[in-house]
Amino acid sequence: MNTSVPPLHPNPEDSQPILGLSGVLEALLRRPRQLWQQLGQNRSPSLMLGLLTLTLVATLLYGVVVGSFSGGTQWWAAPLKLTFGLLACGLLCLPSLYVFACLSGARVGLLDAVGLVIGLLALFSVLLMSFAPVAWIFSESTQSVAAMGALHLVFCLTAIAFGVRFLHQGLVHWGAPSNAALAVWSVLFVLVMLQMMTALRPLVGTADTLLPVEKRFFLQHWAKNLNPESEN
Amino acid sequence: MSASRPIRLEALLRGETGELQRWLSQPDLLRIAWAVTLIVAGAGLFGAVVGGWRSELQAAYSAVKLPLILLITAAGNTALNGLLAPLLGIDLKLRQSFLAVLMSFVLAAVILASLAPVLAFLVWNLPDATSPPEAQRQAFALLQVAAVGAVAIAGVAANLRLYQGLRELAGSVAPARRLLFAWLATNLLLGAQLSWIARPFFGQPDLEVVFLRDDAFRSNFFEALAYNFRQLLSL
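Protein sequences appear in the order of chains A and B. Last residue of the first sequence: 317 (the numbering used here), numbering continuous. Last residue of the second sequence: 260 (the numbering used here), numbering continuous.
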């Protein structure tokens with residue numbers, strides 16, 4: 086496959102190794118260039134593992150807050166579903182990211198695309214986790230599943246926006262002259278994520294079964310939730 | 026090492042300068058075989074996912090039909106596309122015209138294959154062909170919109186790369202643009218009619234699953250399009 090990606094704008098500081106989970110977090114938030122460079126040059130398994138660990142920890146924590154709204158089985162079901170759903174989204178969209186990244190002109194191989202997706206998911210999860218206290222306050226003070234669902238959706242979309250920006254900037258770093266193909270991919274990723282949330286429902290409220298018995302497109306699901314009478 | 030690979034797919038996807046020339050200047054059977062394999066695998070996977078909503082049999086049929094349409098379109102238009110190239114100002118031989126069109130179909134097939142997991146996830150999430158009629162109808166419509174969207178994305182991206190390559194070969198914009206539009210027109214003409222003959226791809230829930238319909242050769246794509254427009258405008 087593709088060989089290692091040469092740094093386009095080498096900077097000695099960006100070559101310094103990223104150590105520990107706190108180092109990975111720092112790099113993700115403050116020094117993304119260092120992250121892209123090391124993902125591209127070294128394809129360090131420990132760096133990818135660090136990003137993956139961050140993703141898992143942050144998503145599980147946020148999932149607990151999501152589950153706290155209904156309690157009961159949702160204490161464990163919501164975090165597990167959220168984590169599984171996020172990783173599944175990454176896997177489903179990975180082949181198209183690789184192809185669309187190449188179409189945008191970036192010099193990336195499949196492993197680089199894996200690194201970028203894990204980076205996107207890590208930043209998304211960390212941002213989501215930072216919303217957890219706010220989400221928890223709201224979940225303690227409202228009974229409306231629709232209102233809580235909408236709030237989580239806003240937090241998710243905000244986090245996705247930053248995640249996608251990270252990805253776009255990473256590809257520019259790897260030589261993509263145009264981001265048009267990536268804009269298409271970003272829309273695809275958001276749609277997959279919204280559908281995943283619907284496929285793994287209930288995440289916020291409760292139901293008789295752990296997973297839905299009726300398959301629905303996410304827009305249909307939202308419409309039915311906003312207008313419950315239409316279900317009967 | 027990568028230079029010895031029959032097809033440098035990443036370079037073609039990136040639209041690297043000179044890649045189309047390399048592709049056209051060193052044609053060999055191995056490279057054509059690779060291109061055909063990629064089209065069969067990529068478009069076949071996409072076809073299987075699209076047909077999979079209706080049934081396993083429809084998935085198998087669509088997996089065979091979609092790559093066949095691409096390959097027959099490329100082969101069937103070889104002579105016409107080859108004649109149009111010098112007439113419109115780009116000095117391409119018959120074989121090179123075929124290879125250029127084949128390259129754009131390879132790119133389209135690869136893009137379709139990369140979108141197949143997402144489409145498969147959508148298919149898995151839709152009410153299946155045994156659901157109540159209203160749910161079926163909505164699912165069928167949604168699947169069609171999603172699949173057509175994916176084909177449009179793949180088609181646009183592949184043709185942009187083809188245009189880029191033609192521009193490099195021609196050294197200027199105008200002949201490249203003229204030839205691209207001419208090739209698009211000829212490929213659309215044949216490709217659309219082949220798709221009409223080879224229908225169904227999605228497998229309408231209220232019709233039996235068949236490889237080709239009994240009336241496959243009755244009417245044509247453009248007549249059907251005109252009929253639908255008349256219906257739409259109630260003329």
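Please keep in mind that the hints were generated in silico from the structure rather than gathered at the bench. Honestly, I wouldn't trust all of these hints.
[As the list claims (entries may be wrong)] Derived CB-CB ranges, DEER-like: (1) Gln256/B / Val272/A: 49 to 59 Å; (2) Ala217/B / Ile222/A: 49 to 59 Å; (3) Arg202/B / Pro262/A: 18 to 28 Å; (4) Thr62/B / Pro262/A: 28 to 38 Å; (5) Ala231/A / Ala58/B: 20 to 30 Å; (6) Ile97/B / Thr243/A: 40 to 50 Å; (7) Glu299/A / Gln46/B: 48 to 58 Å.
Glycine included, C-beta positions come from ideal geometry on N, C-alpha and C.
Hint check results:
Look at Gln256/B against Val272/A: about 32 Å separates their beta carbons, and that is not inside 49 to 59 Å. Here the CB-CB span from Ala217/B to Ile222/A is close to 57 Å, well matched to the stated 49 to 59 Å. Taking the beta carbon of each, Arg202/B and Pro262/A are about 21 Å apart, inside 18 to 28 Å as hinted. Our hint of 28 to 38 Å for Thr62/B and Pro262/A holds, since their Cβ atoms are close to 30 Å apart.
Between Ala231/A and Ala58/B the beta carbon distance is about 56 Å. The supplied range of 20 to 30 Å is therefore violated. As the Cβ distance of Ile97/B to Thr243/A is approximately 48 Å, the hint placing it in 40 to 50 Å holds. Distance hint check: the CB atoms of Glu299/A and Gln46/B are about 54 Å apart, consistent with the given range 48 to 58 Å.
Checked against the numbered hints listed earlier, the structure breaks hints 1, 5; every other hint is satisfied.
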